[in-house]
Amino acid sequence: MPNGALSIVDKAAAPAAAAPFVDIENVSLRYGESADTLAITDLRMTVGKGEFAAVVGPSGCGKSSLMKLVTGLLPPTTGDLRVAGARVTGPLKIVGMAFQNSTLLPWRDILSNTMLPLEIVQPHRNRLRRNRKEYEELACNLLATVGLRGFEKKHPWMLSGGMQQRTSLCRSLIHSPELLMLDEPFGALDAFTREELWAVLQDLWMQRRFTCILVTHDLREAAYLADVIYVMSARPGRIVATHRVDLPRPRTVESTFDPKFVDIVHKIRSEIAQARSDDRQRTAAAGAA
Amino acid sequence: MSPRAFRRLETAMPWLVIVGTLLVWELAVDLFGIRQFILPAPTAVYAALVQYHEPILASAFFTLINTLLGFGIGIVVGLLIGIFIGSSRLAYAGLYPVLIGINSIPKAAIVPILVLWMGIGQPPAITTAFLLSFFPIAVNVATGLATTEPELEDVLRSLGATRLDILAKVGIPRSLPYFFASLKVSITLAFVGAVISETLASNDGIGYLMLQAASQFRTPLMFAGVTVIAAMGIATYLVCVFIERRFTGWATRKQTMAAMGGG
Numbered sequence: 001m002p003n004g005a006l007s008i009v010d011k012a013a014a015p016a017a018a019a020p021f022v023d024i025e026n027v028s029l030r031y032g033e034s035a036d037t038l039a040i041t042d043l044r045m046t047v048g049k050g051e052f053a054a055v056v057g058p059s060g061c062g063k064s065s066l067m068k069l070v071t072g073l074l075p076p077t078t079g080d081l082r083v084a085g086a087r088v089t090g091p092l093k094i095v096g097m098a099f100q101n102s103t104l105l106p107w108r109d110i111l112s113n114t115m116l117p118l119e120i121v122q123p124h125r126n127r128l129r130r131n132r133k134e135y136e137e138l139a140c141n142l143l144a145t146v147g148l149r150g151f152e153k154k155h156p157w158m159l160s161g162g163m164q165q166r167t168s169l170c171r172s173l174i175h176s177p178e179l180l181m182l183d184e185p186f187g188a189l190d191a192f193t194r195e196e197l198w199a200v201l202q203d204l205w206m207q208r209r210f211t212c213i214l215v216t217h218d219l220r221e222a223a224y225l226a227d228v229i230y231v232m233s234a235r236p237g238r239i240v241a242t243h244r245v246d247l248p249r250p251r252t253v254e255s256t257f258d259p260k261f262v263d264i265v266h267k268i269r270s271e272i273a274q275a276r277s278d279d280r281q282r283t284a285a286a287g288a289a
Numbered sequence: 001m002s003p004r005a006f007r008r009l010e011t012a013m014p015w016l017v018i019v020g021t022l023l024v025w026e027l028a029v030d031l032f033g034i035r036q037f038i039l040p041a042p043t044a045v046y047a048a049l050v051q052y053h054e055p056i057l058a059s060a061f062f063t064l065i066n067t068l069l070g071f072g073i074g075i076v077v078g079l080l081i082g083i084f085i086g087s088s089r090l091a092y093a094g095l096y097p098v099l100i101g102i103n104s105i106p107k108a109a110i111v112p113i114l115v116l117w118m119g120i121g122q123p124p125a126i127t128t129a130f131l132l133s134f135f136p137i138a139v140n141v142a143t144g145l146a147t148t149e150p151e152l153e154d155v156l157r158s159l160g161a162t163r164l165d166i167l168a169k170v171g172i173p174r175s176l177p178y179f180f181a182s183l184k185v186s187i188t189l190a191f192v193g194a195v196i197s198e199t200l201a202s203n204d205g206i207g208y209l210m211l212q213a214a215s216q217f218r219t220p221l222m223f224a225g226v227t228v229i230a231a232m233g234i235a236t237y238l239v240c241v242f243i244e245r246r247f248t249g250w251a252t253r254k255q256t257m258a259a260m261g262g263g
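Chain order of the listed sequences is A and B. The first sequence: position 14 = 14 (my numbering), numbered continuously. The second sequence: position 1 = 1 (my numbering), numbered continuously.
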């Protein structure tokens, strides 16, 4: 690759940053029995500790299945999946998750929505009742960092979509998880709010340095936030390319006009277009046969 | 019409309709010379209500007790069954068809069996009220539990939540609006059950009173009985509405906001 700042490597030479925190080796996932229910095949991916990874791909490429695999909510059909050095055999307990839909509980105010994980995760669960003041302060501070000071006692329906999504982010981070899984968290927001929340998420990540896997179809979002971008093919999903984004942090909306940034977005876009047309040809060939 | 006058008219509407209906009824009975044992005029019904207020009140109290006892058992059993079939797919597959079957039996057909087992009077009345009222509660609670968003379940499971945690933190609060909505349906059904059983097999209660009045062609007294049942039904319904608003305001508030284009 001529551009020095961006080393674009193919999947054979996948980057091994630090010691891999998430290590996906040859994993496939099949729903049911027949061949066309293969959602993910031959997936190889490593994410270092404290690294921000993004997974992009055409719609229906099994990005959400990947989320379920990594968090242990679905077992892989074949292959090996390790998180923090241990094989994933059941739901992990160190994960924070946020989705496109904020999934806040309408009967709880913002503060107690944010504190929901503390009622479940140990050791907070046992300590919560006696140290409620301390935990409430923790939650208030976290809400303040995403700009929700003063909204603690409001209910979700009183807030805009962007604010609900900020709350959802806080809820996924309140118990200081080592791994944050985001499934198109800003997909339902308007462009301006989305760019605002990119900055919010980047700030949180730079303060806390959790390992993060972001699944998205927004290439600019991936390039803005991630250290490394994995491009998935159409169904059955596998990694067709890996890109390191070596732009300095903190990145701003200005960074998105940087030629390097534009370049990487273009490159990924053409790869996804290629993946889509491969898929169409395959479908056409299968139809003709 | 100004918005305020319109709103005032809106609150007055139910009363206007009731008063209007009674007026037309009274005039029609007068005008067409309808005999009292076919259709008594509202004034005649009122007179019967005043004249027999003691036996009517005693019967109404008996019916109310039977209804509320049956309703109470219905709430407990309905909640338990609802939570059970709503949180386990196997329990749902096994029990739901049976519940549908039980619910499709006309309850009047069950009363003779109940009488065989329990004798007449209070026990079959309470049981019939219970049998009619538990079903909507069970089905609604099960539906409420089934509407938990899968993503939310994923969030909690990835934190290490047990099924009991998910039920306590999400499932049950989420199904509360469904539960309270079903109470409104169930309380009126409980009245139906109690009165059916009293009509068929009892020596007390509004149902029995009406049967007696019918056998003596005292139609105004029958209508007085119907009026009292209706009044009790409306009163208990309103209590349920009040409880619903009190406990699940978050659910109705959200709807109002959506209707206003906010939220």
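It is possible that part of the hints are untrue.
Interface residues of chain B toward chain A, partial, derived using beta-carbon atoms under 7 Å [said to hold, decoys possible]:
{"no.": "1", "residue": "Leu64"}
{"no.": "2", "residue": "Glu149"}
{"no.": "3", "residue": "Glu151"}
{"no.": "4", "residue": "Leu152"}
{"no.": "5", "residue": "Glu153"}
{"no.": "6", "residue": "Asp154"}
{"no.": "7", "residue": "Ser158"}
{"no.": "8", "residue": "Arg163"}
{"no.": "9", "residue": "Trp250"}
The list that follows gives simulated cross-link-like pairs (lysine-lysine, PhoX-like), each with its CA atoms no further than 25 Å apart [stated by the list, open to error]:
{"no.": "10", "chain 1": "A", "residue 1": "Lys133", "chain 2": "B", "residue 2": "Lys184"}
{"no.": "11", "chain 1": "B", "residue 1": "Lys184", "chain 2": "B", "residue 2": "Lys107"}
{"no.": "12", "chain 1": "B", "residue 1": "Lys107", "chain 2": "A", "residue 2": "Lys68"}
{"no.": "13", "chain 1": "A", "residue 1": "Lys154", "chain 2": "B", "residue 2": "Lys184"}
{"no.": "14", "chain 1": "A", "residue 1": "Lys93", "chain 2": "A", "residue 2": "Lys68"}
{"no.": "15", "chain 1": "A", "residue 1": "Lys93", "chain 2": "B", "residue 2": "Lys169"}
{"no.": "16", "chain 1": "B", "residue 1": "Lys169", "chain 2": "A", "residue 2": "Lys153"}
Because the hints were derived from the structure by calculation, they are not lab data. Every value quoted in this text rests on a predicted model; they were computed, and no experiment measured them. Even for Gly, the Cβ is constructed at its ideal location relative to N, Cα and C.
Outcome of the hint check:
For leucine 64(B), the suggested interface contact is broken, since its CB lies about 33 Å from the closest CB of chain A, more than 7 Å. Satisfaction of the interface hint for glutamate 149(B) is found here, the shortest Cβ-Cβ separation to chain A being roughly 5 Å, below the 7 Å cut-off. At its closest, the beta carbon of glutamate 151(B) sits 5 Å from a beta carbon of chain A; the interface hint therefore holds under the 7 Å criterion. The interface hint given for leucine 152(B) is met, as the beta carbon of that residue sits about 4 Å from the closest beta carbon of chain A, less than 7 Å.
The criterion of a C-beta within 7 Å of any C-beta in chain A is not met by glutamate 153(B), whose closest approach is roughly 9 Å, and the hint is violated. Given hint, aspartate 154(B) at the interface with chain A, holds; its Cβ is 6 Å from that chain's nearest Cβ, closer than 7 Å. For the restraint placing serine 158(B) at the interface with chain A, the shortest Cβ-Cβ distance is roughly 4 Å, inside the 7 Å limit, so the hint holds. At a threshold of 7 Å, the smallest CB-CB gap from arginine 163(B) to chain A is about 12 Å, leaving the interface hint violated.
Residue-level restraint check for tryptophan 250(B) holds (minimum Cβ-Cβ distance to chain A is 4 Å; threshold 7 Å). A C-alpha spacing of about 40 Å is found between lysine 133(A) and lysine 184(B), which places the hinted pair above 25 Å, so the restraint is violated. For the proposed pair lysine 184(B) and lysine 107(B), the alpha carbon gap of about 19 Å is at most 25 Å, so the pair holds. Restraint check: the Cα-Cα separation between lysine 107(B) and lysine 68(A) comes to about 48 Å, which exceeds 25 Å; the hinted pair is violated.
For the given pair, lysine 154(A) sits about 30 Å from lysine 184(B) by alpha-carbon distance, which is inconsistent with the 25 Å threshold. Annotation: proposed proximity of lysine 93(A) to lysine 68(A) holds, straight-line Cα distance about 13 Å (limit 25 Å). With a C-alpha separation of about 17 Å, the suggested pair lysine 93(A) and lysine 169(B) falls inside the 25 Å cut-off, and the hint holds. A threshold of 25 Å between alpha carbons decides the hint, and for lysine 169(B) with lysine 153(A) the separation of about 19 Å falls inside it, so the pair holds.
Going down the numbered hints, you'll see the structure goes against 1, 5, 8, 10, 12 and 13, while the others check out.
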